[in-house]
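Trainee: Protein chains in written order, with the working numbering: chain A, 1 to 154; chain B, 155 to 892; chain C, 893 to 1235.
Source of the hints: derived by calculation from the structure; they are not laboratory data. Glycine residues also receive a C-beta, built at the ideal position from the N, C-alpha and C atoms. Among the hints, a few may not be true.
[What the hints assert, rightly or not] Away from chain B, derived, C-beta distances all over 10 Å, residues of chain C:
| hint | residue |
| --- | --- |
| 1 | Ala909 |
| 2 | Pro941 |
| 3 | Gly951 |
[Said to hold, decoys possible] Simulated restraints, written as ranges between beta carbons of each label pair:
| hint | chain 1 | residue 1 | chain 2 | residue 2 | range |
| --- | --- | --- | --- | --- | --- |
| 4 | B | Arg732 | A | Trp15 | 51 to 61 Å |
| 5 | C | Asp1035 | B | His302 | 44 to 54 Å |
| 6 | B | Gln698 | A | Asp153 | 39 to 49 Å |
| 7 | C | Glu916 | A | Asp13 | 37 to 47 Å |
| 8 | A | Glu52 | B | Ser563 | 47 to 57 Å |
| 9 | B | Ser563 | A | Asp153 | 51 to 61 Å |
| 10 | C | Glu1075 | A | Arg67 | 37 to 47 Å |
| 11 | C | Asp1037 | B | Ala210 | 25 to 35 Å |
| 12 | B | Gln266 | A | Glu52 | 52 to 62 Å |
| 13 | A | Gly29 | B | Gly632 | 32 to 42 Å |
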Amino acid sequence: MRTNVNGEWREADIWPGASLLTLLRDAFGLTGSKNACEQGECGSCSVWLDGELVCACLVLAAQAHDRQVRTVESVADGQRMSAVQDAFVEAGAVQCGFCTPGFVVAVTHLLAQDPNPNEVQVREALSGNICRCTGYAKILDAVTLAASRLREDR
Amino acid sequence: MKTKTGVRGGIGQSVRRVDGVPKVKGEFEYASDLRRDGMLWGETVRSPHPHARIKAIDIRAALESPGVRAVLLAGDVPGKKTYGLDAQDQPVLAWDVVRFAGEPVALVAAEQPEQAKQAATKIVVDYEVLSPVTEMEAALQADAPKLHPQGNVVRQLRVIHGDPEAEAEVWVEGTYETGMQDQAPLGPEAGLAVPAEDGGVDLYIATQWLHADLEQIAPCLNLPPEKVRLNLSGVGGAFGAREDVSMQIHACMLALRTQRPVKIAYGRQESFYGHVHRHPSRIWMRHGATRDGKLINVQAKLLVDGGAYTSTSPAVIGNATTFAAGPYAVPNARLEGTAVFTNNPPCGAMRGFGAVQACFAYEAQMDKLARAVNLHPIEVRLKNALKTGDVLPTGQRVTGAAPVRDLLSRCAALPMPPAESPLDRDRMLIPGGAGNVGHGEALTRGVGFAAGYKNLAYSEGFDDSSEAWVRLSVDQEGPLAEVKTAAVDVGQGLDTIVTQVVRTELGVQRVLVRQPDTAIGSAGSSSASRQTMMTGGAVQLACQAVRDEVLRRAGTSIIPDPLDEYLRPPIEATRVFRHRRTGKLDADGQGDPHVSFAFGAARAVVEVDTELGLVRVVQLAVSQDVGRALNPQSVRGQIEGGSAQGLGLALMEEIELKDGKIRNASFTDYLLPTILDMPPVVSDLVEEPEPGLPYGAKGVGEPSTVVVPAAIVAALRAATGRELPRAPVKPDELVGIR
Amino acid sequence: MLRLPPLRYLRPTSVEAAAEAVAEHPGAMLIAGGTDLVPNLKRRQFDAPVLVSLRGIAGFDGIQGEPGRGMVIGAGATLDQVATHPALQTAYRALAQAAGFVSTPQIRHMGTIGGNLLVDPRCNYYNQSAAWRQAVGYCLKRDGDICLVARSSPRCWAVSSSDSAPVALALGAELTLRGAEGERRGAAADLYRDDGIVYTTKRADDVIVGIHLPAAPAMTSAYWKLRRRGSFDFPVLGAAVALDWADGMVRVARGALGAAGSRPVEVSHLLTPLVGRRPDDELIAQVAEAAEKPARPLDNTDFSHYWRKRMTRVLIERALRDACGLDPLAGRLTAQTRSGQAA
């Protein structure tokens, strides 16, 4: 099967029961998306499938055939972090960091759809991402910071 | 201590995490990301029974299974058959008897993970199922089956203070319970063991204490310590789950047998089985006071369920018992604590370590006392608050900072959330709001307070230390400081603190923190809120030694600027930091058991949908005694995260056991608070420097977890008038069904 | 690690081809978003050697029509599409609400309305990994002989856990199914059977193609979902009501309960006292109390079943008040047992 991952068509001869997450991590070596629960119950494997925010652990690799997948590895522009990534670091929203790639993807997705979400909208949009370290407080700060920076840049 | 002019990012500043960039880019390598060419995958076979005798194990079909390179049983353990922290009573692989559902019985290594799983299912274990002991009280009965040779008591202690029979005018009594909470770090257990040419093994592992792991692994592998080398890989959270060995010995055994690298990575379900949990507790307390609310006598009987093996139960019950009177001046007490063995999953370290359970009970008691003597909950606490110079029930005098009154007053004065009309607000913000439940008149607000405290570092005479190596050199960019310790950054931000210390002590901007491993001496555990103190202290000492050498070379008494010419050859120093010695408790629980204390006070504002019994926490406010905030942003981050785990225990987190088997080993059914469940946390830092600790800084990770569950349940009691003696609280109890 | 079992994945481009593929391969299952199927497969709750994908079928996800004449939702429309569709949010509000309450944003972007209607009934003893079930004992639904919740019962009591199913009943929706034996259209209620294992009347090769919502120029509806957290969790109870109005009075009243049995539980016949009336506090409370009777929660989900039984009437009352434009929380009923409270 073949999938376009972060702009590049890649092929893999995979076992049909593989999830997209397994495909990304094991076949393509893209270990940025994490495997914390494997049942879609934590969001740490959040990626884009044809532009939609999904849990890679719930997508069969076969369902990603001929489609576009984008992962956390595509968010930075080479060495340069995105505004969302930089805001996460600056706001202290990264502790152990295991949930962070999933949040980076979910927040990037949110701000691309809605550049000025209120707190309730942010919480709703991130309701599929679990963090065990931060209590979410600084993650919310990071979203506010990133949103204001992105609006300035516009 | 001022940083040299021009050097940014020393102590006291909210320095960005030094590992932040790789983490946001997805480039930070956690143990589950480890890979090695030619590596095999390990799989663990676990007992489905909480109590059984192993009659036979047939591995023939497994050995013939495709891709299998090794199948190991207890008889294949090269050296010592057991490991453990406070006692080495936990089998590497079970033989003869299994004592908990989930206990490892066999190991498989195969070329592909799926092959290892398949082979594991082909191992046939003939069990004679025995009746499990699953209730604490049952375990204490004289006729209970003995789960260990010494019986079913892991530890029993008592603290007798003053006159335990002292009379009082007012008495309040209660029995309280807390459930089995799980640390649930997002990063599941994983590690990679690589056999070495010298017959030893290199282990890449996410853990909390490299050297404690090493001390347990080497004897089991029958190898000298120098042939077992541990290297820290990225850690996806810990909160106590990584204090005990999980797959370390297993991976090494498979690697040594196959002479190939072996990776073991648990999924979420196995992770629940593979680590210890927070001790469930049942605590009876009786507080006697004057009619004015002054405490006279505290009586307590604490019982905690240690599960199948010792782990750190002795230390947990020691903590819970010595803290059972709370952060209050109490002239008389009898505090008795017991930790028992059962066939439930083993319990051990989790953030708060016994102090959480005790606080839940004693703070409920203080509220009962407040009602009995007609005082506001804050008033009755202020009246009894501990202060520096007071003597604790163990006879230990509090010599460090103890700003309990200050914390209580400040916490009570923190801004309350606005009392907005529920009809105006977004549906998301109501109890069960995202499910469209509850908004309007059926909502009742409640406010609750709690104060508590926790020891910092290890106790009862534990000889704790941390070693640090610092090197100062110069390259084309200028002076470069390198620092290495074996200390684990579990996500709390230790590597960043260490960087800040070096900058402050040496006046050098560029600091490189080397990867921790066992080539350097022990840094002790990343637990007990001790690393800033211990490893910060060791790094400080090493830096001071380096600095002394710079001054010697320069012949000055202040650090020269520029430094460069004095750094050839580079200067290195290795130093060890120890805290003051503590002592064991005598038979009456008297002694000097704790190094230092950190205090906290919390206020919870909750809204209860009284018709349905659903809860929304509106705000958590925590005032915490931090000594000195070396990185204020990280300190607040710890308070916020600790509060979240406290909220989990109060409202939704519990490992549900049925006859010793975990019913909810997944995130579907073990409920972690989502961003919709967590309220804003107002954190208030009280900085009264602690004498004897580096920079006067106290550890900050645990106090919020200690006090928040009690505060939330106090608020629920205020809102509903219900007794609510147990955490987590269920809706049934809030509407009065139970 | 929870890995999927070995399987084949087929990608037909038409509903007919999909139905044929299922008919040809015994044990084959249809998969659209897969957000319910995939975790269940990882826990080995089904044997599905072949999965037949519905994602390659063109036009499977359209939402067409308008409230005055009725609407058709393609079964492949994602839950997010249903939740955010302007016409659905107003005229068929309960359905948009139900779709929007499912799990998390990530799941709603993949999961489909057809899939949600067909969510596999759940139980604490069933929705566990293979290893857990082997340890505890297999149940009637999968690999075992008895129901572990109701041990002397000859049937399975797994709980209907779909948010959209009770709403489909309450809205009077009809479903078009197309399978190897042709196409048919029928009431959504007829899709479900009162059994935790064989919980639908459709054949394996029947594909839900469309959900037909009747013309609803004057309909109000509400779906209230009960769960522990703010996201992720399946419904512990769902109350769906729909009221057609004429001259300020209720002309038709329909309702159904989710997570109150193995199928969505019809309560429309217990709402008839509302017809021809302008519902007030008293009437709504009476009707809600009566309407809870068919709910039969067992001890196989989160929360105690005593509590779930007691709060059923409260949730129905709130849904009814919501659909009547009254403040949902100002009702008469409560689950409380404190003496003096209406109970």
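Trainee: Give a verdict on every hint.
Mentor: Okay, the hints, checked on the actual structure:
The claim that alanine 909 of chain C lies off the interface holds: its Cβ sits roughly 30 Å from the closest Cβ of chain B, which is beyond the 10 Å cut-off. Listed as a non-interface residue, proline 941 of chain C keeps its Cβ farther than 10 Å from every Cβ of chain B; the least gap is roughly 16 Å. Annotated as non-interface, glycine 951 of chain C keeps its C-beta farther than 10 Å from every C-beta of chain B; the closest such distance is 32 Å. One distance hint, 51 to 61 Å for the beta-carbon pair arginine 732 of chain B and tryptophan 15 of chain A, holds here, with the actual separation near 54 Å.
Against the hinted window of 44 to 54 Å, the Cβ-Cβ separation of aspartate 1035 of chain C and histidine 302 of chain B comes to about 35 Å, which falls outside the hint. A hinted range of 39 to 49 Å holds for the C-beta pair glutamine 698 of chain B and aspartate 153 of chain A, which are about 46 Å apart. Take glutamate 916 of chain C and aspartate 13 of chain A: their Cβ atoms lie about 25 Å apart, and the range 37 to 47 Å is violated. Distance hint for glutamate 52 of chain A and serine 563 of chain B: a CB-CB separation of about 51 Å, consistent with the stated range 47 to 57 Å.
Between serine 563 of chain B and aspartate 153 of chain A, the C-beta spacing of about 45 Å breaks the proposed range 51 to 61 Å. Here the CB-CB span from glutamate 1075 of chain C to arginine 67 of chain A is close to 29 Å, at odds with the stated 37 to 47 Å. Separated by about 27 Å at the C-beta atoms, aspartate 1037 of chain C and alanine 210 of chain B satisfy the suggested range of 25 to 35 Å. Our hint of 52 to 62 Å for glutamine 266 of chain B and glutamate 52 of chain A is violated, since their Cβ atoms are close to 31 Å apart.
The beta-carbon spacing between glycine 29 of chain A and glycine 632 of chain B, approximately 36 Å, falls within the hinted interval of 32 to 42 Å.
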